[in-house]
Amino acid sequence: MLREIEGSRAIAETVAFCRPAVVCAYPISPQTHIIEGVGELVKMGRLKECEFINVESEFAAMSVSIGASAAGARAYTATASQGLLFMTEAVYNASGLGLPIVMTVANRAIGAPINIWNDHSDAMALRDSGWIQLFAETNQHAVDLHVQAFRLAEELSVPVMVCMDGFILTHAVERVEIPSQEQVDRYLPPFRPHQILDPAAPISIGAMVGPEAFTEVRYLEHTRQLEALARIPELAAEYGKIVGRARGGLVSPYRCEDAETIVVSLGSVVGTIKDVVDAMRDDGERIGVVSLTTFRPFPELTLREALASAKRVVVVEKAFAMGARGVLGADVDAAVSDRKTTTTTIVAGLGGRPITEASLRRAFGEAIRGELDDFNFLDLDHRVVDRELERTAADPTIPPSVQHVLRDVRASATRVV
Amino acid sequence: MAQKTVKFYQVGSFAVGNRLLDPEVRTVQSERTRPNALTSGHRACQGCGEALGARYVLDSAMDAADGQVIVVNATGCLEVFTTPYPETSWQVAWMHSLFGNAAAVATGVAAALKVRGDTKTRVVAQAGDGGAVDIGFGCLSGMFERNDDVLFVCYDNGGYMNTGVQRSGATPPAARTATTEAVGPEPGNAFGQGKNLPLLAVAHGIPYVATATVADLHDLESKVHRAMGIRGARYLHVLVPCPLGWGSASGDTIKLARLAHQTGLFPLFEAAYGEVIETTTIRRLAPVEEYLQLQRRFGHLFSPQPRPDVIARIQAIADNNIAEFELVEATSSKEES
Amino acid sequence: MFQVRFHGRGGQGVVTAAELLAIAAFYDGEHAQAFPSFGSERTGAPVVSFCRISTREIRTRAPIDEPDALIVQDPTLLVQPGLFAGLKSDGYLIINTTKPLESFQLGGVVTELPRSHILLFGATEIAVKHLGRPLPNAVLLGGFAALTEVVSLPALVTAIEERFSGVARAGNVAAVSEAYHQTSETSVVSSQEGSNSAS
Numbered sequence: 001m002l003r004e005i006e007g008s009r010a011i012a013e014t015v016a017f018c019r020p021a022v023v024c025a026y027p028i029s030p031q032t033h034i035i036e037g038v039g040e041l042v043k044m045g046r047l048k049e050c051e052f053i054n055v056e057s058e059f060a061a062m063s064v065s066i067g068a069s070a071a072g073a074r075a076y077t078a079t080a081s082q083g084l085l086f087m088t089e090a091v092y093n094a095s096g097l098g099l100p101i102v103m104t105v106a107n108r109a110i111g112a113p114i115n116i117w118n119d120h121s122d123a124m125a126l127r128d129s130g131w132i133q134l135f136a137e138t139n140q141h142a143v144d145l146h147v148q149a150f151r152l153a154e155e156l157s158v159p160v161m162v163c164m165d166g167f168i169l170t171h172a173v174e175r176v177e178i179p180s181q182e183q184v185d186r187y188l189p190p191f192r193p194h195q196i197l198d199p200a201a202p203i204s205i206g207a208m209v210g211p212e213a214f215t216e217v218r219y220l221e222h223t224r225q226l227e228a229l230a231r232i233p234e235l236a237a238e239y240g241k242i243v244g245r246a247r248g249g250l251v252s253p254y255r256c257e258d259a260e261t262i263v264v265s266l267g268s269v270v271g272t273i274k275d276v277v278d279a280m281r282d283d284g285e286r287i288g289v290v291s292l293t294t295f296r297p298f299p300e301l302t303l304r305e306a307l308a309s310a311k312r313v314v315v316v317e318k319a320f321a322m323g324a325r326g327v328l329g330a331d332v333d334a335a336v337s338d339r340k341t342t343t344t345t346i347v348a349g350l351g352g353r354p355i356t357e358a359s360l361r362r363a364f365g366e367a368i369r370g371e372l373d374d375f376n377f378l379d380l381d382h383r384v385v386d387r388e389l390e391r392t393a394a395d396p397t398i399p400p401s402v403q404h405v406l407r408d409v410r411a412s413a414t415r416v417v
Numbered sequence: 001m002a003q004k005t006v007k008f009y010q011v012g013s014f015a016v017g018n019r020l021l022d023p024e025v026r027t028v029q030s031e032r033t034r035p036n037a038l039t040s041g042h043r044a045c046q047g048c049g050e051a052l053g054a055r056y057v058l059d060s061a062m063d064a065a066d067g068q069v070i071v072v073n074a075t076g077c078l079e080v081f082t083t084p085y086p087e088t089s090w091q092v093a094w095m096h097s098l099f100g101n102a103a104a105v106a107t108g109v110a111a112a113l114k115v116r117g118d119t120k121t122r123v124v125a126q127a128g129d130g131g132a133v134d135i136g137f138g139c140l141s142g143m144f145e146r147n148d149d150v151l152f153v154c155y156d157n158g159g160y161m162n163t164g165v166q167r168s169g170a171t172p173p174a175a176r177t178a179t180t181e182a183v184g185p186e187p188g189n190a191f192g193q194g195k196n197l198p199l200l201a202v203a204h205g206i207p208y209v210a211t212a213t214v215a216d217l218h219d220l221e222s223k224v225h226r227a228m229g230i231r232g233a234r235y236l237h238v239l240v241p242c243p244l245g246w247g248s249a250s251g252d253t254i255k256l257a258r259l260a261h262q263t264g265l266f267p268l269f270e271a272a273y274g275e276v277i278e279t280t281t282i283r284r285l286a287p288v289e290e291y292l293q294l295q296r297r298f299g300h301l302f303s304p305q306p307r308p309d310v311i312a313r314i315q316a317i318a319d320n321n322i323a324e325f326e327l328v329e330a331t332s333s334k335e336e337s
Numbered sequence: 001m002f003q004v005r006f007h008g009r010g011g012q013g014v015v016t017a018a019e020l021l022a023i024a025a026f027y028d029g030e031h032a033q034a035f036p037s038f039g040s041e042r043t044g045a046p047v048v049s050f051c052r053i054s055t056r057e058i059r060t061r062a063p064i065d066e067p068d069a070l071i072v073q074d075p076t077l078l079v080q081p082g083l084f085a086g087l088k089s090d091g092y093l094i095i096n097t098t099k100p101l102e103s104f105q106l107g108g109v110v111t112e113l114p115r116s117h118i119l120l121f122g123a124t125e126i127a128v129k130h131l132g133r134p135l136p137n138a139v140l141l142g143g144f145a146a147l148t149e150v151v152s153l154p155a156l157v158t159a160i161e162e163r164f165s166g167v168a169r170a171g172n173v174a175a176v177s178e179a180y181h182q183t184s185e186t187s188v189v190s191s192q193e194g195s196n197s198a199s
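If you read the protein sequences in the order shown, they are chains A, B and C.
Using this note's numbering, the letters of the first sequence map in sequence onto residues 1 to 417.
Using this note's numbering, the letters of the second sequence map in sequence onto residues 1 to 337.
Using this note's numbering, the letters of the third sequence map in sequence onto residues 1 to 199.
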C-alpha cells in the first residue's frame, strides 16, 4: 500500500511483515523509531508470535539474537554508530557462526567527538566482519532491501546489515509502498535453519579452531559471501516480480551508458547526485552516477561493467580511512586499476554536514578539469583548519582543539541549515 | 550362604554416592545410565574442579528435564578444554558464543523456545567467575532483571585460569595470581575489593539463588533439581577448586571445596525473591589456616615470613560470614554480634 | 518544486507541521518529502523543519537553501539573524501573531516580498478556541494552503484525521478550516483593495 510515512515507521511495518520471532531492542539515535515501531506492533498484536526483548546494551542485543537464531528463531535488531561498535565482538561472532540475523544500521558517525548525525563510518568500521552490507538510497529502497535481506541471509546462512542514512532517511516522511503480508509471505518462507540447537540431535556450536584449520574456515566464509554476488540479483528479480517494482541488486547505474565521468556512491546522497547529473547533462556534460546497493560483498565485476565507458571515476563517500585515503574509494580504485581510468575520491557529509547540489556540481566540474587531488574533502573550511594548524605549529604541545574549531566555525542551534 | 564380591565405589569422600543407598536417595552421578553431558576425552587438568562441577550440574539438570536441555557456555577453561576442534566432549546441545554474553545468548535461546511454544526444553548458561562476575556481569544482570527463564551457573575458581591465572572480581583477598603477585607490602590480592555475586543475585530478587561446592554432591544435585523446577531467572554459584591456579594437589580438590565450607569462607545457602531461605550449617568448624595452607597461592602467608596478621583478616571474613548466615549452631557461649 | 521551511521552538510541533504538509500533498497526488533539522530538540530551543512538494519524484536530500515559503510558528524567533536566509524574493511568509507586520520592523528580503504573499494571523488563538491548547502548527497550514494554494483544504483535513485522534483530531480539523476560510476571505479583500478595478 502506498503511504506517506516516516522511514523508520515504514521499516518497522516491513520488518513486522517478515515475521521475526525474536526482536531485540536497545535504543540509540537515530534508530529509536524503528525499534519502537516494532515494539508497538507486537504489543498491539499485529506482529504475533514474536518475543520483543528490551535488552541492556547493544552487545546484549546481538548476543540475544545469536542465541535465538542458533535455536531456530528468525532474529532481528537495529542499531547505529556507537551501538554497532559496542556489539562488534558479537557481530563477528554471528557471521563466524553462520547465523542469518538481519540488522538495520541507521548510519551515524562514530565519536569521539560525539556526533549523532549521519555518515558511514559505522558501517565501514564493520565492513570486514563477514556480514553482507546493503545500502538504501531511499526509504522505498530500504523497505525492499529488508525483505530481501531476510531471504538472502537465511538462504546463505550469512547475516545481513541493511544500512540506511540516519535522520536523512529514518526521519524523513516520504512516499513508500509497503508490500502486503501476502506478498512478503510469498517471497519469504518460514525460517529453516541449517544448524540448530536441539536436544533431540545435540551438536556443539562454537568450538575452538586452531591454526591447522582456521584459514580454510575463513576461506569458506569468504566464498559464501561471494556466492551472494550471484544470488542477490536473482533474489531482487524474484522480489520485483511479486511487488511489481524492481529495486535491489548489486549496482544501479544512472545515465552511464555513454558517460565520460561516472560518480560512484552509496546511500541517500545518490538522489542529490542524480539531480546534479541531470543539470550537468543539460549543459552537455557526459556524466552519470552508479549507486552501490551491495557494498559487501564488493561487486567488483558488475561495477567494472558499469564503469566501462568512463575516463574518470569520482567516488563520493561519507567515511574515510584515517591516516590513509578513502574506503569505498580504495575498493573502486582497485576495481579499475588495470584500466586507464583516473579515480578521485571526495569525502563528504561527515558527521551530518549537509551535501548541497552546488558543492557537488562545483566538485564534479573540478574533477572533470583535472583540478582535484586523488583524495579530497568536500566543503572543508580551510580558514578554520589553517588557523588551527598555525596555532598548533606555534606550540606543538597543544594538540588541535575541538573547542577552537567549534568557536571558529561558530556553529549554533539558531543557525539555519 | 553364597558369597558375592561387592565393589565399593567410594573414593575417600562422599562425592560419588553410595550404591548401597536406597535408589530414591542416590545421586544422578551414581547411576550407570547417567547422562554424562560432559563425557571423557576432554583436556582438563588433573583434578579440575570445574570439569567435575559441570558434569555434576548438567547431568542433574538433564535428569530433571528428561534430557531436554540446551547449554550456553561462556569462553573459558570449560569451553576450551571440551571443544578442541574437531572434537567435542559434550553430549548435550551446546553453544559457545563469546566471553561476556552467555547470559544474553541463553536469553535468546529461551526466547526462541518460548515463541515455538516449547515448554519442555530448558536452558542452562554456564561460565567461570570471570565470565559471570566481571565481563559477563552486564548481560547477567540484564537476564536477572528481565527474569528470563534461564538457569545461570557460575563455576567459581577465583580467577581467569584459562589465560594463566589472573585476578578476577571473585579472587579472594591475599591470593597470589599473575596480576596480584605476592610481593610488596601487601602481597597478593587486595582486601576490600571483589564482588559477592551470589548476594548480588539475591539483590536482583530473582526466584532462586543457591551456592554449592563440588564437595557435597547430594547438596549440589538437589539444588540443581530445585532450580530446574522453577521458571524464571535462577542462579547457581559453585565453588570449584583449580589445582593449577590454587597451587594445590590434584587429589585435594574435593577436600578443599569442603574446607571452604567448613571454614565459613564459602557459605552454602539458598535464597528466593531476595530473601535467604536456607543455609547449611557447619558441622566441623575449621580454622582458615587448614584451608589456606593447602594452597600455594596463599603460600606467602606462611613462609618465608609468616603473616598471622593477614591470616587473621581472612579469619575475620570467615567469622563474619558465619555470623551473617548463622552457619554454626548457636551455643550458650556464643555472643550475638 | 515548492519548498517550505518551518521555524518554531521545541515542543510546538514544528516537525509534525512539516509532516502534515507532506501527507496533505500526498493526498493531493503530489510527491512530498518532510524532514526536521535533526538535532536534540529540547523543549523551547529553536527548531527548524522542512517540506518539499513536487509533481515529480523528489530525489535530492540536500537542505532547503532557497525556500519558497517560511512558516514562523513563534514570533519571538523573528529576531534571529538568518531566519529569512534564502527566502525567494517572490516567496511567502506566514507568521503566527496577532500583531501587525509593521510592529516587527523586518527589513531585508521581507521588504521585497509582494504584500499579498505575507500572512499574519493568530493561529495560536484559533488553536486555543478549537483545541483548548496553544498548538498552532496544523492551524498555520490552513493559512498556508489558502495563501499559496499548494495544497488543498480537503487534503489537509485528511492528513489531520490520519495523524490525530480524539479531541485533537476534531479540534484541528475545525481550526484548520477556520484558518483557511479566514485567510481566503482576507486575501480576496486585500486583492480587491489592491486592484485598480472597481468592483
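Just so you know, not all the hints are guaranteed correct.
In silico EDC-like links for lysine to aspartate or glutamate, alpha-carbon gap of 20 angstroms or less [as the list claims (entries may be wrong)]:
#: 1; chain 1: A; residue 1: LYS274; chain 2: A; residue 2: GLU285
#: 2; chain 1: C; residue 1: LYS88; chain 2: A; residue 2: GLU357
#: 3; chain 1: B; residue 1: LYS114; chain 2: A; residue 2: GLU357
Everything labelled a hint here was simulated from the structure, so no lab data went into it.
Since the model is a prediction, treat every value here as computed from it, not as a measurement.
Hint check results:
Taking the CA atoms of LYS274(A) and GLU285(A), the gap is about 13 angstroms. The hint holds against a cut of 20 angstroms. A C-alpha spacing of about 18 angstroms is found between LYS88(C) and GLU357(A), which places the hinted pair at or below 20 angstroms, so the restraint holds. Note on LYS114(B) and GLU357(A): the hinted pairing is violated, with a Cα-Cα distance of about 52 angstroms set against a maximum of 20 angstroms.
Consistency with the previously given hints fails for number 3 only.
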